[in-house]
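Sequence order for the protein chains is A and B.
Take 85 as the starting number for the first sequence in my numbering and just add one per residue.
Take 88 as the starting number for the second sequence in my numbering and just add one per residue.
Hints may be right or wrong, so weigh each one.
[What the hints assert, rightly or not] Straight-line distance between alpha carbons at most 25 Å, and here's what the computed BS3-like set of lysine-lysine pairs gives: (1) LYS140/A to LYS182/A; (2) LYS283/B to LYS496/A; (3) LYS489/A to LYS283/B; (4) LYS187/A to LYS273/A; (5) LYS282/B to LYS496/A; (6) LYS518/A to LYS288/B; (7) LYS496/A to LYS344/B; (8) LYS435/A to LYS391/A; (9) LYS190/A to LYS273/A; (10) LYS288/B to LYS489/A; (11) LYS362/B to LYS518/A; (12) LYS464/A to LYS511/A; (13) LYS143/A to LYS187/A; (14) LYS359/B to LYS255/A; (15) LYS426/A to LYS288/B; (16) LYS435/A to LYS288/B; (17) LYS344/B to LYS539/A; (18) LYS430/A to LYS359/B; (19) LYS243/A to LYS352/A; (20) LYS132/A to LYS511/A; (21) LYS359/B to LYS518/A; (22) LYS288/B to LYS507/A.
Because the hints were derived from the structure by calculation, they are not lab data.
Computed from a predicted model, the values in this text were never measured in an experiment.
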Amino acid sequence: MSVRLVNMMHSFLSFIGHINKKWYIGVDKAVEYILEMRNITKVFPGVKALDNVNLKVRKGEIHALVGENGAGKSTLMNVLSGVYPHGTYTGTILFEGKECSFKGIKDSEKAGIAIIHQELALIPSLSIGENIFLGNERAKKGIIDWNQTHVQAIRLMQKVGLKENPATLVKDIGVGKQQLVEIAKALAKNVKLLILDEPTAALNEEDAENLLNLLLELKKEGITSILISHKLHEVLKVADSITILRDGRVVETLDKHRDDISEDRIIKAMVGRELTNRFPKRTPKIGEVIFEVKNWTVYHPLIEGRKVIKDVSIKVRRGEIVGIYGLMGSGRTEFAMSVFGKSYGKNIRGKIIKNGKELTINNVRHAIENGLAYVTEDRKSAGLILIDDVKRNISLANLGHISKKMIIDENKEIYVAEEYRQKLNIKCSSVLQKTGNLSGGNQQKVLLSKWIFAKPDILILDEPTRGIDVGAKYEIYKIINSLADEGKAVIFISSELPEILGMCDRVYVMNEGRIVGELSREEASQESIMRCIMQSIKEVV
Amino acid sequence: MQHVKDVFKNNIRQYAMFIALIVITIFFQILTKGTLLLPMNVTNLVLQNSYVLILAIGMTLCILTGGNIDLSVGSVCAFIGAIAGTLIINMKMDVGLAIVICLLIGIAIGVWQGFWIAYLRIPAFIVTLGGMLLFRGLTITMLKGLTLSPFPEEFQQISAGFIPDVFKGFGTNLNITALVVGGIISIIYMIFQIKKRAEQKRYGFEVVVLPLFIAKIVLVLVGINLFAYWLAAYKGLPIILVLIGILVYVYSFFTIKTVPGRYIYAMGGNEKAAKLSGVNTNRVLFFTYVNMAFLAAVAGIVFTSRLNAASPQAGMNFELDAIAACFIGGASAYGGIGTVTGSIIGALVMGVLNNGMSIMGIGTDMQMVIKGLVLLLAVAFDVLSKNRARA
Chain A
85 MSVRLVNMMH SFLSFIGHIN KKWYIGVDKA VEYILEMRNI TKVFPGVKAL DNVNLKVRKG
145 EIHALVGENG AGKSTLMNVL SGVYPHGTYT GTILFEGKEC SFKGIKDSEK AGIAIIHQEL
205 ALIPSLSIGE NIFLGNERAK KGIIDWNQTH VQAIRLMQKV GLKENPATLV KDIGVGKQQL
265 VEIAKALAKN VKLLILDEPT AALNEEDAEN LLNLLLELKK EGITSILISH KLHEVLKVAD
325 SITILRDGRV VETLDKHRDD ISEDRIIKAM VGRELTNRFP KRTPKIGEVI FEVKNWTVYH
385 PLIEGRKVIK DVSIKVRRGE IVGIYGLMGS GRTEFAMSVF GKSYGKNIRG KIIKNGKELT
445 INNVRHAIEN GLAYVTEDRK SAGLILIDDV KRNISLANLG HISKKMIIDE NKEIYVAEEY
505 RQKLNIKCSS VLQKTGNLSG GNQQKVLLSK WIFAKPDILI LDEPTRGIDV GAKYEIYKII
565 NSLADEGKAV IFISSELPEI LGMCDRVYVM NEGRIVGELS REEASQESIM RCIMQSIKEV
625 V
Chain B
88 MQHVKDVFKN NIRQYAMFIA LIVITIFFQI LTKGTLLLPM NVTNLVLQNS YVLILAIGMT
148 LCILTGGNID LSVGSVCAFI GAIAGTLIIN MKMDVGLAIV ICLLIGIAIG VWQGFWIAYL
208 RIPAFIVTLG GMLLFRGLTI TMLKGLTLSP FPEEFQQISA GFIPDVFKGF GTNLNITALV
268 VGGIISIIYM IFQIKKRAEQ KRYGFEVVVL PLFIAKIVLV LVGINLFAYW LAAYKGLPII
328 LVLIGILVYV YSFFTIKTVP GRYIYAMGGN EKAAKLSGVN TNRVLFFTYV NMAFLAAVAG
388 IVFTSRLNAA SPQAGMNFEL DAIAACFIGG ASAYGGIGTV TGSIIGALVM GVLNNGMSIM
448 GIGTDMQMVI KGLVLLLAVA FDVLSKNRAR A
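Okay, chain A solo, but in the shape it has when bound (with noise of 0.2 Å):
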């Protein structure tokens, strides 16, 4: 009805337009929004989540939404979708014109709003097809029609790009088409606005550039997205608007044909401060080889046969930042876990040799005590304790040092954490806080320290800045270079480009299993890299 109510106003508004051309050109603008939020304030107990935020999203638009962690753009979703019910916050939304007040997500999801978060909710022991339509079942009368369901998922399936067959459990996928479901998913409820939150913090990065296509895609049929995102290229890629929050409120809003928008531009509102390096600067003092590890080969723990890291030589030097540059899938973590005491795989063959001398490494304990350190790339699930509190997470794999017959000194043990507190800057309202109530950023903090505090000489780590703002990311890397300085040796894992170039002297790069090339800090740029994967590509085929 509202629609034919817009066309009646149309035909009235473009006759009486040629009298006053101006008047008509403002009102077009106005209809024109699928989403404002206005004047949107949220309060948490002691803090101002949100503080009078206006967001205008145009109808068939990708509008972009970032800030540094913490900046209220989960809350602003939150709001619109219906986490917060209406009533907590203050503000009104008008969704297609309609002031709406939605009292959960089945109001908002009813209105065309779908919400897909990082951590997909996706059921990993049902088909894709069950996934699709979960909660919203093709059934008659409570029975589900499997016919149905079939074929409209290879339907949705066909729209999003994704080729399975929709009876394979959504476990049996990888992460990237996972995202695909989980749009897909949204789809089926016929969604007007789609929000997504860091889409692709998890995917390689031809997954993540797929799924940036599937969203241009999108719009094309007219469906709207909202992208949260802290990969500033791809918003730079598909956005037409880009609003930058900090702080819980609106900095400004740039529109993509009216504003010069650039990533310095972006970076600098976000921060509220001028980034003129994203790296910050370090004198390499380079010394012996500290570290090698020779001819390493890795086979999958489950998978009968198949070789997952091949014939792998690497060598490190003491003051040293190495890179391991490769994709997801390209063996990284796996060669990095496997050589910290075999965390994975199995007939794990080759040589650890550390100043010169040879190690057998069968177990993290051993690992450790050679002063080897692996911090994970996935902090949550593998990396931190999060029920228990920052202390608790700094001293565990060097308790011996604060304990003496067994018998731990609690007291050391705060004074220890205290000590990285303040050393590397976690900001938490003392050490005795939980780690899972941290930031993103501070928990990345708590896990480094967590390593640094077992002393060790060589480094792994693999992304070590996954998910976390670009302040935050700066004071990681400050901080990898004081390692470096102390005369440690770092081997620095990432799937970022831009990273991998700012920080590390000297990068291998890795694709299936293999190391596929080396190169100098002088040598390695964005085409050299690339050209080494393509290389190795051809030479398999």
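Assemble chain B onto chain A, guided by the hints.
For chain B alone, kept in the frame of chain A given last:
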């Protein structure tokens, strides 16, 4: 002051349960017209619940490793009772030697179950459910379905005996030994607290203000000595109370202060992270279950002694009492959260409820209903207060 606040926040559940215990005690003290806290009844209360207290200690550790429970402990208690009966009554074996054998068999049972749980990673629920049937069956086979009784005086003393009064009461009706032990514990407690405070100051940490510190010590000292007086007014210190006291102290110390204890919490908090930090989680899980079976053997001996019989039906539902005590006492069903003292408080809450209701003449049927509700409400309180803290 932030430190102190965080400490309080992290332990709010325990304080709440402790307060609940006091409230429930006062409530029944009034309803039973003072019978509940009669010196004789207080002693009884301890004896009656001794086996649950012992089992709850072990169960706490199991739950800490990741919400794992042990369903076999009741059957293990009965099995150990049957062995004790066979050895002591039928074979006339020396009581001391028989107890040692019983404890060793307990450990062997733990090795058996721990192997399946920790190294083959069969869910603890399944392995111990199997153990529950297995050991009950073995008990009945061994006793041929009959009850063995009576045990010699020596064996009965484990649960019925009291530490003899070396001072012979000095002409009063009081057991002076109990009072002296209370006094000694008070002094040790005071010294520990003062040392701890000095240590914290040395590190430059914030400490609780002096009046509050003194108030806390005075409160605890009054509590200890009042309890000692109560025991002294009846027959003195029950042997079993000394045993439980030692167990609670040792296991609290183990979980809070030692490296292996910390590993148990770490494993329950996040097993992957613990593994990547160098914790041998298989070994942690294995020893937790060996320990549980060992404590089940201890509880089995104590219970058999109290019953003065080895019965095929002994130990029914003990596992449920122990599990309930842990959850009432603040343990998390997902692991990583909970304390030994918390579970002891949980067990005492159940014990006081049982005892109070029995004195009032409420039937066991209604007692079960009320205990069930208490368990549900205690955990609901926990979950809801956590939700509120998050929002």
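Numbered hints the structure breaks, given as an ascending list: Hint check: 15, 16 and 19 fail, others pass.
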